[in-house]
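Asks: Residue numbers (UniProt numbering), protein chains in the order written: chain A, 1 to 373; chain B, 1 to 373.
Be aware that a few hints might be false.
If chains are identical, the list can't say which one is meant, so a pair holds when it fits in one copy or spans any two.
Here are the computed lysine-lysine pairs in the DSBU-like style, where the Cα-Cα straight-line distance is at most 35 Å [to be verified]:
| # | residue 1 | residue 2 |
| --- | --- | --- |
| 1 | Lys172 | Lys82 |
| 2 | Lys172 | Lys246 |
| 3 | Lys82 | Lys263 |
| 4 | Lys71 | Lys136 |
| 5 | Lys246 | Lys263 |
Hint data in this document are derived by calculation from the structure and do not stem from the laboratory.
The residues making up each chain are set out below.
Protein chains: 2
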Amino acid sequence: MTTIAIDAMGGDHGPGTILPGLEILLGARSDLSFRLYGDEAKVEAVIADLPRLKRASTVHHTDVAVAMDEKPSQALRSGRYKSSMWQAIEATKTHEADVAVSAGNTGALMAMATFCLRTMANIDRPAIGAIWPTLKGEAIVLDVGATIGADAVQLVDFAILGAAMARALFGKECPTVGLLNVGTEDIKGQEEVKEAGRILRERRLSTFHYSGFVEGTDIGQGVTDVVVTEGFAGNIALKTAEGTAKQLGSYLREAMQSSMMSKIGYLFARDAFRQLREKMDPARANGGVFLGLNGLVVKSHGGADAEAFSAAVALAADLAKGNLQHRIHDDLDRFHADRIPAPGDEDTEASSFARERSQTPEPSPKGQTGKKK
Amino acid sequence: MTTIAIDAMGGDHGPGTILPGLEILLGARSDLSFRLYGDEAKVEAVIADLPRLKRASTVHHTDVAVAMDEKPSQALRSGRYKSSMWQAIEATKTHEADVAVSAGNTGALMAMATFCLRTMANIDRPAIGAIWPTLKGEAIVLDVGATIGADAVQLVDFAILGAAMARALFGKECPTVGLLNVGTEDIKGQEEVKEAGRILRERRLSTFHYSGFVEGTDIGQGVTDVVVTEGFAGNIALKTAEGTAKQLGSYLREAMQSSMMSKIGYLFARDAFRQLREKMDPARANGGVFLGLNGLVVKSHGGADAEAFSAAVALAADLAKGNLQHRIHDDLDRFHADRIPAPGDEDTEASSFARERSQTPEPSPKGQTGKKK
């Protein structure tokens, strides 16, 4: 049984959308139980009509709900310890829940999660992992907005986090990992990316295969299972892909409406268009996974409808069942302790990595989305 | 009459594709003449069958052609002064041509153009501007790969360069300019971007309207005429959009082949699909514009066919006719000399900008795509 803590007050629509989303999911799987955090009266009013959820959940009253437009600092001041968001997160720390899901605002959620759970030992900064539909299935892209301007060591950490997520989710024991860059040659790109590439190439990691640099065009082609980048470029890549999909959807609708013949064609191909719409539906890939914290938190789109919210919760359940947190711990331990030095450079390699890390003891000075005031 | 210098040896296919591209363009416009740089024998062999081009061009023999896989440093060593690429670029310096076009490799072209033409006074680093099809028409996105890790002052320079390009190309006297960021709130994102936003907000520029931060989703929606970012994120955004378009094209083809009904639908809607394909055709937007140099250079995709190459040359011709270089000079002069201080802070504003600039006299230490060895 997987227990999931739910911020019932998060999102643009609140409990009226969140809870029906859980009811939908319970129709498909019976291995889940929920801890619902929110305004008891509002939650009970909705849950009265949701028999499966009523059986599978406990309600935990909270007085404070974090608003969607609240700044992270405000949210921390007003909602720390007592908001539905905080308590859902905290349930993963106390092991009352295996994972927490919120559709609340990203900045506040990341600030609270970082404050409440703290980063794992050996991890400087958290990352948000996104599921990216590709021609071959799905890839994981990280970071999509938690850490602006990651350095080389943080990028290496992200590779470990992303690979663990791919192993937990895709069932591949040795997923491929690429570093996002502006070209595939070693000489190109940001210094941080080149340096991270050098570290990943030189280190022998059994938990993933480092495939070198990948470009923006490669993500959707599914060239690697995991694509690693810092949060600024990652967020822009993700949103640019969303924008492009929306734009092409508009073009397609316009083209199908352009003549009598195209309208007739549309009628014949209606089923195919429906399949296409489902394939392009952003709800399918709903859920940003906060990685590198001492607790697992999944962020749903704020505007998600019940169906889309249920997809984010299903993702959270899969990650918990796939033992994501344990995998990450194991992988980090292996990376930092059990590594096998290459013949002839036992010391050089290990000490050079230790040196790199010791040069970056502080979080990136460039700031963190949603954490700074 | 606009004179265009052509690197006839550039691109994956060489003169056999480049020169027919020019012939196509001459069928549509009669205001162009060409200076063709390349192996005379090869050029003459192709041109013999292209009567319009034969009349409208002069051939200038060069012994050396830069290979598509040559590193910028190699290309400079072997091709400086004597390659078709170099001589086409140099023709814009000597005013024998108004603009140069090459389908040669980007790194070599940028290195040669920067070495030959040098950056304009008051411009630290060049940018590559790309035309981005949007729901409202077209936008200009820069930098898409010349300057990795631009600082705040360089981002402001890019805003001026991009706005001048929009004025030359779109005929808008006051285009809108957005800074690409991970959110639209002032507190979000890279320090460099926040600082550039502050400078653009505080300064009063008559040549464009600064619209604040834009996100990846906004580019394709045409929220602003110009989108400014540093070369790493810009290159990744551009290639991610290309990849997403390709991916959705695959989904669409697959959906239309999925059943007998969808195949029939496709036949009815064939014209609409043809229009859609044309709209999504990357050749339509072929041409990266090198901005901030003392000479105008346009880069065509290396793999461009004759039609796509002609689109890049048409873009070059439009920019030359739109007096892009003069506009940039004027705008930079206005920005650096003729600015009107806000009441009460005549000195503060001007001197703070001078201070910012004086702190960054050197090109970005983070390296430049295609310029470093």
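Asks: For each hint, tell me whether it holds in the structure or not.
Replies: Verification of the hints:
1. Lys172 / Lys82: Neither, since 40 Å and 53 Å both go past 35 Å.
2. Lys172 / Lys246: both (31 Å within a copy, 26 Å between copies)
3. Lys82 / Lys263: Neither, since 55 Å and 58 Å both go past 35 Å.
4. Lys71 / Lys136: between (38 Å within a copy, 32 Å between copies)
5. Lys246 / Lys263: both (21 Å within a copy, 24 Å between copies)
The structure does not agree with the numbered hints 1, 3 stated previously, though it agrees with the rest.
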